[in-house]
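K.L.:
Respectively, the protein sequence lines represent chains A and B. Quick note: the first sequence uses our numbering, first residue 1, plus one each step. Quick note: the second sequence uses our numbering, first residue 1, plus one each step.
Be aware that one or more of the hints could be misleading.
Claimed, not checked - Keeping only pairs whose Cα atoms sit at most 30 Å apart, straight-line, the calculated DSSO-like set for lysine-lysine is: (1) Lys140(A) to Lys72(B); (2) Lys275(B) to Lys189(B); (3) Lys40(A) to Lys189(B); (4) Lys12(A) to Lys341(B); (5) Lys243(B) to Lys30(B); (6) Lys96(B) to Lys156(A); (7) Lys184(B) to Lys64(A); (8) Lys227(B) to Lys189(B); (9) Lys184(B) to Lys164(B); (10) Lys184(B) to Lys243(B); (11) Lys363(B) to Lys12(A); (12) Lys16(B) to Lys88(B); (13) Lys70(A) to Lys30(B); (14) Lys33(B) to Lys363(B); (15) Lys275(B) to Lys88(B); (16) Lys30(B) to Lys11(A); (17) Lys70(A) to Lys192(B); (18) Lys14(A) to Lys72(B); (19) Lys72(B) to Lys156(A); (20) Lys12(A) to Lys379(B); (21) Lys243(B) to Lys100(B); (22) Lys379(B) to Lys88(B); (23) Lys39(B) to Lys140(A); (24) Lys184(B) to Lys156(A); (25) Lys88(B) to Lys12(A); (26) Lys100(B) to Lys12(A); (27) Lys227(B) to Lys155(B); (28) Lys88(B) to Lys363(B); (29) Lys100(B) to Lys88(B); (30) Lys14(A) to Lys5(B); (31) Lys70(A) to Lys227(B); (32) Lys39(B) to Lys16(B); (33) Lys14(A) to Lys379(B); (34) Lys189(B) to Lys12(A); (35) Lys39(B) to Lys275(B); (36) Lys40(A) to Lys30(B); (37) Lys12(A) to Lys39(B); (38) Lys379(B) to Lys96(B); (39) Lys14(A) to Lys16(B); (40) Lys100(B) to Lys39(B).
FYI, nobody ran anything at the bench for these hints, they're computed from the structure. Predicted model, so just to flag it, every value in this text is computed and none were measured.
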Amino acid sequence: MSRASILNAIKKNKPESVPLPEIDLSLFQEDIDLVDIFSKNLESVGGRIVSSNTIEDLDGEIKKRYPNAKHIVSCSNTSQLATISISNETQPHSLESIDLAIIDAQLGVAENGAVWISENNFIVRALPFIANDLVLILSKNAICLHMHDAYNLISKRDRTFGLFLSGPSKTADIEQCLVIGAQGAMSVTVFIV
Amino acid sequence: MPHAKEAELFNNDEAKVNWHDQALWFVRNKRDKAAHTVKGWEELRNLASAIKANVLSNLDDYLIQFEENAQKNGIHIHWAADAEAHNKIIHDILLKNNVKMVVKSKSMLTEECHLNPYLEAHGIEVIDTDLGERIVQLAKEPPSHIVLPAIHKTKEEVDVLFQKHLGTIPSNGDPQYLTNEARKHLRDKFLKADAAITGVNFAIAETGGFVVCTNEGNADMGVHLAKVHIASMGIEKIIPQEKHLGVFLRLLARSATGQPITTYSSHFNKPTEGKEMHIIIVDNGRTEQLGREHFRSSLNCIRCGACMNTCPIYRRSGGHSYKATIPGPIGSILSPGMDLKKHGSLPFASTLCGSCSDVCPVKINIHEQLYQWRQIITKDVKQPIVKKTVLKIAGRVLANSKLYGFFGKSARFMLKHLPKSVINSQTNTWGKARDLPKVENENFEDWYKKRKS
Ligand code: SF4
Chain A
1 MSRASILNAI KKNKPESVPL PEIDLSLFQE DIDLVDIFSK NLESVGGRIV SSNTIEDLDG
61 EIKKRYPNAK HIVSCSNTSQ LATISISNET QPHSLESIDL AIIDAQLGVA ENGAVWISEN
121 NFIVRALPFI ANDLVLILSK NAICLHMHDA YNLISKRDRT FGLFLSGPSK TADIEQCLVI
181 GAQGAMSVTV FIV
Chain B
1 MPHAKEAELF NNDEAKVNWH DQALWFVRNK RDKAAHTVKG WEELRNLASA IKANVLSNLD
61 DYLIQFEENA QKNGIHIHWA ADAEAHNKII HDILLKNNVK MVVKSKSMLT EECHLNPYLE
121 AHGIEVIDTD LGERIVQLAK EPPSHIVLPA IHKTKEEVDV LFQKHLGTIP SNGDPQYLTN
181 EARKHLRDKF LKADAAITGV NFAIAETGGF VVCTNEGNAD MGVHLAKVHI ASMGIEKIIP
241 QEKHLGVFLR LLARSATGQP ITTYSSHFNK PTEGKEMHII IVDNGRTEQL GREHFRSSLN
301 CIRCGACMNT CPIYRRSGGH SYKATIPGPI GSILSPGMDL KKHGSLPFAS TLCGSCSDVC
361 PVKINIHEQL YQWRQIITKD VKQPIVKKTV LKIAGRVLAN SKLYGFFGKS ARFMLKHLPK
421 SVINSQTNTW GKARDLPKVE NENFEDWYKK RKS
């Protein structure tokens, strides 16, 4: 049996017990403008940001940026642009021609421009990857400093599937030239509200 | 063929070697920039190293804990002692689900196990979906770098390859066009595949979940469309708690490409209703490496590739010259553990400059381990005469400080006065294709003495 033989071999060969270190968060503490740094980092990874206290007409702003989007899925209560509705019965393959998905982000991470989204926010797991473009709606009060804080904030979640997403899909596999839009979303716009 | 001979082949095309060298150095510089913006970067590296040391010392317990928690969440766990067992388990799962075509995202472990040829021999089509991996798969080559699999290919070569296999029109290697064509080609495969295989970047004992990192989104496109998700992981991928991901995800992408984090860091804990999720936990020589005191910390590697990007030998000899799944400095420690005869020349493919150890996010003492392997290999394996004599002389010289001073002087003398034909001779592989450095007259000691007097 592989299991027993592997575990036995480990027992025999492992070094003496070494304690698990504590993470001292004071080492990483910084006093920075979270919204500002988040925005800069998101832009540096190819994402776009719309941030203003004056977003009155969110849907209008989205339409302005994605005027050609026809097949739209919205999983956010703050947008009424949906042309297609989905449920957990929806077959992921049927989302192939979705132009735009609108999803609520739970939190943003200033140090890397990533947002955390989980299955609750987008219902069908394939959605944020298969949609051509992605709009994420993030509250400015939900931006934390770094990944340590982020893991703390999501520690109580119902664990099914979730991800940190930082900007649009990209690759540099052809001669190190950065190309936006590999296999996932071609663009990501985060609306900070 | 020893590494030096393989490197010679790569060096036939000087322009390409120069490009390769520069491209990787550029990535190394991006890594530096990214690291310097993080407050507490060195503390992060220390933490990562200490967490990994704890993991190795409790590896069996963590694996059991991981298994238990994953099973509670409806994930199937399999154990594979070696590559063959791994491949067979995957094949069985695919057979049971009547799978004809499978999409695979990047996984060095499946490369190590030679999964693709195994499945293909059993009539199953395997499509690598990372763009770089798809390129080398179409070219029928192995990846030459663990993060940048096709870094050895020019855009013109990719152009020709895509014309042949994807029916693209000639574009002089336009990366935008070629990537877009690959996107269409791969999308079709994602929609048709019955199963998806991924690697595992981190597996969390505390939760039974695992994390897969990509920039392209190819792993997620595969697994969320297919009915079956199979994830292969080496036993060393375990970390104790979810909060430790905070440490590792801060280090990984910055060390790899200079990005602050990969585009997608996907956390899998439960399969979707009605779908299957499998994890295969693989040994394949790792427990043996765990037993080697001097080399066990090589298992802490998180596969960022930074040691390759910074290595002067790797940059000028190319990943294929190592003839191993994991090339570069870390590969040169891991591979001799798998097959000392075959990979015995690799620990010598290093200047021991230590740059690899300096950039390693989990602080593996890579260059010291390379040195350790040399000690073992020079005892156990017959060495080509040059290396042996050089090492002998070096040993004697280093043991005697007067001789050391003399040899230092005479080496400088020889570099200055011997004709190039002698320096760049058959016995000195490193003199080939390069001129030796301009020699300053004084060494530091002479200069210092003079200044003092
Ligand atoms: S040995 Fe260190 S630097 Fe090299 S790939 Fe592994 S983690 Fe990265």
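K.L.:
Does each hint hold? Answer for all of them.
P.N.:
Here's how the hints hold up against the structure:
no.: 1; hint: Lys140(A) to Lys72(B); verdict: violated, 36 Å
no.: 2; hint: Lys275(B) to Lys189(B); verdict: holds, 19 Å
no.: 3; hint: Lys40(A) to Lys189(B); verdict: violated, 35 Å
no.: 4; hint: Lys12(A) to Lys341(B); verdict: holds, 26 Å
no.: 5; hint: Lys243(B) to Lys30(B); verdict: holds, 26 Å
no.: 6; hint: Lys96(B) to Lys156(A); verdict: violated, 36 Å
no.: 7; hint: Lys184(B) to Lys64(A); verdict: holds, 27 Å
no.: 8; hint: Lys227(B) to Lys189(B); verdict: holds, 14 Å
no.: 9; hint: Lys184(B) to Lys164(B); verdict: holds, 16 Å
no.: 10; hint: Lys184(B) to Lys243(B); verdict: violated, 37 Å
no.: 11; hint: Lys363(B) to Lys12(A); verdict: holds, 25 Å
no.: 12; hint: Lys16(B) to Lys88(B); verdict: violated, 40 Å
no.: 13; hint: Lys70(A) to Lys30(B); verdict: violated, 39 Å
no.: 14; hint: Lys33(B) to Lys363(B); verdict: holds, 18 Å
no.: 15; hint: Lys275(B) to Lys88(B); verdict: holds, 21 Å
no.: 16; hint: Lys30(B) to Lys11(A); verdict: violated, 40 Å
no.: 17; hint: Lys70(A) to Lys192(B); verdict: holds, 25 Å
no.: 18; hint: Lys14(A) to Lys72(B); verdict: holds, 27 Å
no.: 19; hint: Lys72(B) to Lys156(A); verdict: holds, 17 Å
no.: 20; hint: Lys12(A) to Lys379(B); verdict: holds, 26 Å
no.: 21; hint: Lys243(B) to Lys100(B); verdict: violated, 39 Å
no.: 22; hint: Lys379(B) to Lys88(B); verdict: violated, 38 Å
no.: 23; hint: Lys39(B) to Lys140(A); verdict: holds, 23 Å
no.: 24; hint: Lys184(B) to Lys156(A); verdict: violated, 39 Å
no.: 25; hint: Lys88(B) to Lys12(A); verdict: holds, 27 Å
no.: 26; hint: Lys100(B) to Lys12(A); verdict: violated, 41 Å
no.: 27; hint: Lys227(B) to Lys155(B); verdict: violated, 35 Å
no.: 28; hint: Lys88(B) to Lys363(B); verdict: violated, 35 Å
no.: 29; hint: Lys100(B) to Lys88(B); verdict: holds, 16 Å
no.: 30; hint: Lys14(A) to Lys5(B); verdict: violated, 37 Å
no.: 31; hint: Lys70(A) to Lys227(B); verdict: holds, 28 Å
no.: 32; hint: Lys39(B) to Lys16(B); verdict: violated, 37 Å
no.: 33; hint: Lys14(A) to Lys379(B); verdict: holds, 26 Å
no.: 34; hint: Lys189(B) to Lys12(A); verdict: violated, 45 Å
no.: 35; hint: Lys39(B) to Lys275(B); verdict: violated, 42 Å
no.: 36; hint: Lys40(A) to Lys30(B); verdict: holds, 17 Å
no.: 37; hint: Lys12(A) to Lys39(B); verdict: violated, 39 Å
no.: 38; hint: Lys379(B) to Lys96(B); verdict: violated, 50 Å
no.: 39; hint: Lys14(A) to Lys16(B); verdict: violated, 44 Å
no.: 40; hint: Lys100(B) to Lys39(B); verdict: violated, 49 Å
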